[in-house]
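S.K.: Sequence:
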Amino acid sequence: MSTIAETSAVGGVRPDVLSGDRTAFIDRWIYVFTAVSFIVIVLLGFIPDSLGKMAAVEAGQRPPFPLVLHIHAALMATYLLFLLTQTWLVATGRVAQHRLLGTMGAVLATALVVVGFVLIPTLYHQVFAGAQAAPPPVKAKLAGLVAFVENLVLVQFRIGIVFAVLVFIGVGARATDPGFHKRMMILSIAGALPAAFDRITWIPTTMPAQPLSGDLYVLLAIAPMFLWDVLRNRGVHRAYWVWLAVAAPFTVAVYALWDTPFWHATVKRLMGV
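Quick note on our numbering: the sequence shown kicks off at 20 and runs consecutively.
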C-alpha cells in the first residue's frame, strides 16, 4: 500500500505526476487522511448503535449478541487500524516495516471474509427465530424486520464478495504496481462503509426503502482521494476503473433484487427456513 508516488515507470506503469514539496506532501498523506476518515465514519455509526442495542439486551428487549458478531467487530476494528498503520508507515518512510506487516493484512482480510459469511446466516436466523417465537401481534410487526434483514443480505453478500476480489487484486499488484496497490486496498474496504453510514441517524437516508444513500456516501468518503488523483494526474487512475468493474455487477444485482418476491423466497431457501 505504498503511498510514496512512483518516480519511474515499473513494468510499463504510468508514474504519478508530482510537482513541488506541497504536492508530494499531499500525495503521501492523502491516504492516511482517508484511512482516518474511514475509522471516524465507523465510530460515528457503530458506537451509538451498539450502545443502544446493548441497553436493549440488558432490558431484555432483544437477544444477546452472538459470539461471531463480537469476532467480526474485533476483526474489522483491527483491519481498519492496520490500514491506518500501513498508510502511516509509508507516509513516514518506513517502507520496510510496511512490507513486513503485509502478510498480516492478507490474514486479516481472509478472516474478515470467512467470519462475515458466517455472520450473515447467524444474524438472519436470530431475527427469523425471534419473529417466529413472538406472540401474534408482535409477530406481524417483526415480519417487516425479517423482510428488511433479507434485503440486507444482498448488501452483505456484495460487501463480502467485492472486498475479497479487490483485496486479492490489490495484493497481487503490491510488487509490480505500488500506486495501484495502495488505492485498491483502500477502495476494497470502502465498500463496507454503508454498514456504518446506515447507522448514523442524523444524516439523510433512503433506508429501508433502498440502499442508495449508503452507496452515495461511500462515493463521498473516497472523494478526497479520487479528486486529488484526478487533479494531480489529470485523469482517472485505473484502480478506480477496476473498482467500478468489480463492484458494478453486484450493485446492479442488489438494486434489481431488492425487496422482490423472488429474492425473499430465494434468501429463505438459502437460509434453510
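Honestly, the hints are just simulated from the structure, not real lab data. Honestly, I wouldn't trust all of these hints.
[Claimed, not checked] Pair by pair, the computed Cβ-Cβ distance ranges are:
id, residue 1, residue 2, range
1, P155, W260, 26 to 36 Å
2, A148, A43, 54 to 64 Å
3, W48, K158, 20 to 30 Å
4, I90, G149, 15 to 25 Å
5, G254, G149, 47 to 57 Å
[What the hints assert, rightly or not] Taking lysine-lysine pairs in the DSSO-like style, the calculated list, with each CA pair at most 30 Å apart, reads:
id, residue 1, residue 2
6, K72, K160
7, K287, K160
8, K72, K158
9, K158, K287
10, K72, K287
We put the beta carbon where it would ideally sit given N, CA and C, even for glycine.
S.K.: Now look at each hint and say whether the structure bears it out.
M.R.: Hint check results:
1. At roughly 53 Å, the beta carbons of P155 and W260 sit outside the given window of 26 to 36 Å.
2. About 56 Å separates the C-beta atoms of A148 and A43, a value consistent with the hinted range of 54 to 64 Å.
3. The hint said 20 to 30 Å for the Cβ distance between W48 and K158, and at roughly 53 Å that hint is violated.
4. Taken as a hint, the range 15 to 25 Å holds for the pair I90 and G149, whose Cβ atoms sit roughly 21 Å apart.
5. In this structure the hint that G254 and G149 lie 47 to 57 Å apart at CB holds, the actual value being about 51 Å.
6. With a C-alpha separation of about 18 Å, the suggested pair K72 and K160 falls inside the 30 Å cut-off, and the hint holds.
7. At most 30 Å may separate the alpha-carbon atoms for a hinted pair to count; K287 and K160 meet this at roughly 18 Å.
8. In summary, the hint linking K72 to K158 is supported, as the alpha carbons are separated by about 20 Å, within the 30 Å threshold.
9. Distance restraint check for K158 and K287: the Cα-Cα separation of roughly 17 Å lies within the 30 Å cut-off, and the hinted pair is therefore satisfied.
10. For the hint linking K72 to K287, the alpha-carbon distance of about 25 Å falls within 30 Å, and the restraint holds.
Hint violations for this structure: numbers 1, 3, all remaining hints satisfied.
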